[in-house]
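Residue numbers (our numbering), protein chains in the order written: chain A, 1 to 301; chain B, 1 to 287; chain C, 1 to 469.
No lab work stands behind these hints, which were simulated from the structure alone.
Here the structure is a predicted model, which means the values were calculated and not measured.
Some hints could be false.
[Claimed, not checked] Distance condition first, Cα-Cα at most 25 Å in a straight line; then the derived PhoX-like pairs of lysine-lysine:
# : chain 1 : residue 1 : chain 2 : residue 2
1 : C       : K280      : C       : K442
2 : C       : K280      : C       : K84
3 : C       : K179      : C       : K206
4 : B       : K275      : A       : K20
5 : B       : K275      : A       : K118
6 : C       : K75       : C       : K280
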Amino acid sequence: MAAQATSAAAPETDAAGLGKARATAFVTPALLLVGAFLVFPALWTLYLGITDYRLTGIAAADPQIVGLQNYTDALTDPQFRNALALTLLFVLGSAIVGQTVLGFSIAWSMRAVPKTVKTVVESLVLLAWILPSSIVAFLWIAYLNRDNGTLNSVLGTSGFDWLLGHPMLSIIVFNTWRGTAFSMLLFSAALNAVPPSQLETARLAGADTFAQFRDVVFPHIRGHVLTNTLLISLWTFNDFSPYLLTAGGPNHASETLPVYIYNSALYSGELGYGSAISLIMLLINLLIAVFYLRLLKDRRS
Amino acid sequence: MSAPTAASTRGGDGAVVGVVVRRVLFYAAISLVMAFFALPLLWLVFAPFDRTPSLTVRLPDFTLDNFRLLQDNPYALTSLRNSIFIAGTTMVLVVVFAALAAYALSRVHIPGRDGLLYALLLLSSIVTGTAAMVPIFLLMFQLNLIDSRTGVSLVLAGGLLPAAIFILKDFMDATPRSYEESARVFGASPLQVLRHVVLPIARPGLATIAVWALVNAWGDFLIAFILLRDPEKSPAGVVMYTFYTEGGQANLPLISAFSLLYAIPVVAMYLFVNKRYGFRFHGGIKS
Amino acid sequence: MRLARGITAVAAITALALASACGSSSSGAGDANRNEDAKSVNLTIATNAIAGGKNDQEAAWINDYVIPGFVKQMKAKGITATVKFQPSGVDDEKYKAKQSLDLKTRSGADIMSLDGIWVGEFAQAGYILPLDKVVGAAADGWDGWAQIADSVKANTTFEDKLYGIPAGTDGRVLFYNKKLFQKAGLPADWQPTSWAEILDAGRALKKLPGVAPLQIDAGTAMGEATTMQGTLPLLVGTGAEIFQDGKWQGASQPVRDVLEFYKAIYGGGLGDKSYQQGAKGRDESFAGFAKGKVGVLLESDYFWRSVVNPDNGVAPMASRDADVGYALLPAKAPGSGVGGQDFVSMSGGAGYFLNPNTKYPQQAWELMTFMNSPEAIKAAIADQARITARDDVNKQVLGGDPMLSLISEKVLPITKFRPGLAVYPQVSVALQQATADIVSGKSVDEAAATYQKAVEKAVGGAGNVSSGS
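Bound conformation, chain A alone (with noise of 0.2 Å):
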């Protein structure tokens, strides 16, 4: 445990010497990619937020500051808040329920098995998350076909669409599916650093499989939980491959965020209000982030 023990004692130990000078240097190339392709658009985009701008038509040749007209507009359609709500599900149910457990539960069985299960296993998983989500969405829309599809074979459910029946809850199993294998990965390289004295030592003492978890595993990994909980968190919140499943439908019982404003800023060319739409979900990511933060802070003091 030299990991944990230097890194608490002294987390920021220029143990190599760099200086301030190289660390600079080091961090310079990074920071002036990410200025002028990230910071300079994303700044860009912000102010459209304020502006009438619009792809095409009179607003296009001379967009007007419209103040925070898009911000209230957007707060005040059911739409808007239909699909903020269908967001925070989606994010709660295949990010934080779906992929975290789904991902931890793989992690952990996988130190106890034969090598040939692990390899499958991990592979299978993997493949879900690295195919192209223009491939993914054909095989999804394949594998939940109404009449021929592999699940409603598979379960004895021929005739039922699970797109209409039970959007969100398949675009939930969908994204768990995908993204599975971030937090396996994670994981598992975080159960390593997890001594297997200590673990045999509260086995010995009768702890059950939970117990063991709670007092031995999750303090070790507490930091790798707050990593991945963000990361995905933000990723799920920003996903657009629902969109290639459902489309939104039926009638908006999809409609993440991401595909709300994809129909507003390409569809209907509004990208003054899809930028202000941008801002309000930076916002909320935001105080995701805050909240992850302070629930599992320990780690960082």
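Position chains B and C against the provided structure of chain A, taking the given hints into account.
Chains B and C alone, transformed into the frame defined by chain A:
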């Protein structure tokens, strides 16, 4: 799902039966997980070889015609080369820049560091969305980077870097400083320490970020679509969206066959990285 | 510290760029005769077509016919022309976004194909200009204008000015399955004269097991298909247009009539709701029709040419010519259609437009007229029957296809086009939403109230909406 921890501390036949039952349940659960992840993939195995591929899964009426159709397509194969170039460049930019920045941020105290990282992470979600389309295009136009594959890589790398730095910094924070300190004691220069001590330890983490960046760039559609003009430069993610009819119906013979070809390189690159470096976060650290 | 300074610098640069780069697209075409004597000319054509993908026949035509033909024509005059094709082949919305971005930065292709519905918003944004502004007197001198009907020219016209050359159009009719009609005891040569007769046929077809009697596109998942194959053709059947006398249709009586018709279908079990709700519902409804599971379907001639076409359709029907019937879409009641018509239709179609910033306006115009010569259009449609913008070509190519002849002769004279204004897509979405509400079981009153609100919001207040009957 609970792990099959070693035999129960209670003795007796009941315990043995209990252990057997638990193992059976455990493997049943593992099989369920495998089925959950494997079943949706079946379409990709069957449809490309079906004479009339549809949006259902069935044993194919075997043919290679779909691939022949694809061979006649002027952009399909070049697009895979373009994807390799764009995703490869993005990957190198992300890994190199993120590694340098993450290491420096982990080891040297810079005020406002954490706040900055979180801010960048949040901003990255804006740029990957549809609303940023116009600012990105106008920026690239001013920089004379329209119709440039490198330009696409730069924008993609900019969007991926914050998360990459975030993950890698977390990783660097957890690696022991003791090796670096010992190396210093033996008179190695800071750059030698980086090269011979830090890099080997960090390699599995870097490999993970590499594949992550590659996968993200590989699947991109929107950025490449708005920034590129010459079809000879289009990556596979864009070309895949052209296999539709005038009324918007999917051309499944082309799409199914192309899906398979589009999937193979990224899977191959994953297998390569996995074999070479071990695809693991923090994998180098054993206590 | 340095980081903080870096951020300040980035912020400062951003502010500068924001000030300069937003809203800088003024419309100023230069001299229409610039570079008219150039000995060497570079031109680019952009259309939403790509070899081996979407509209690949069009892409092949440009590569194999237009480019070599035009280069040869110019060579005869001693001019070296280099013509490039910039293909796309994606969703219309994405293609539109790409062309908008190019035009906004005053770059892009010299000739581009745009959907007629975008003309107004592109013109208002200053992206395109009337033809006579771009090329001067030459625009009127083209002999092809005489061959293009006024109703078709409307598709590339905005505020009485012609912006481009129409490149073909379509028309909407009711397609029906004659086999199902026979089983249901309906006539093989069906021609309803009112909405009530359509519903009567639907009720007769309902007795057949597993058959969705009527397919009138509804809901948001189908997007513009719901508007073009549903609400708008029905609306003109009530005598109203969506944008009339400078105002948009609110929850007026005509809109309510349309919603009542939807209610009769989807509330009366005369349609399959799942087709209207799924992300691939329209494809499924086509496949359903081809399999004999849909009785009547309102579509454009695209359905005949590219969906149930036994040779290359996406849902081919080997017995199309024998089994698929077609009838004009009746107005709500005889004479109640727009302009007192008995039958109605809506049309769309693309056109070719000149980039106002082209370096070679005269030569680009010459290329554009070359692309719209009778010979070129015949080459474009190859040996298929297809409705073109030119009467002379239509007379020659449609003879063999009674369906398309019907569209050309009976439908095009009575058809209407959508208003090409920037807010139209939002009004269209509001219409789709209203039909989605009906399908999901809401009452006409509820759907109409939501629609009224959405339209007011989209078009900038109740002052721009007409809500009376």
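- Numbers of unmet hints, in rising order: Of the numbered hints, 2, 4 and 6 do not hold.
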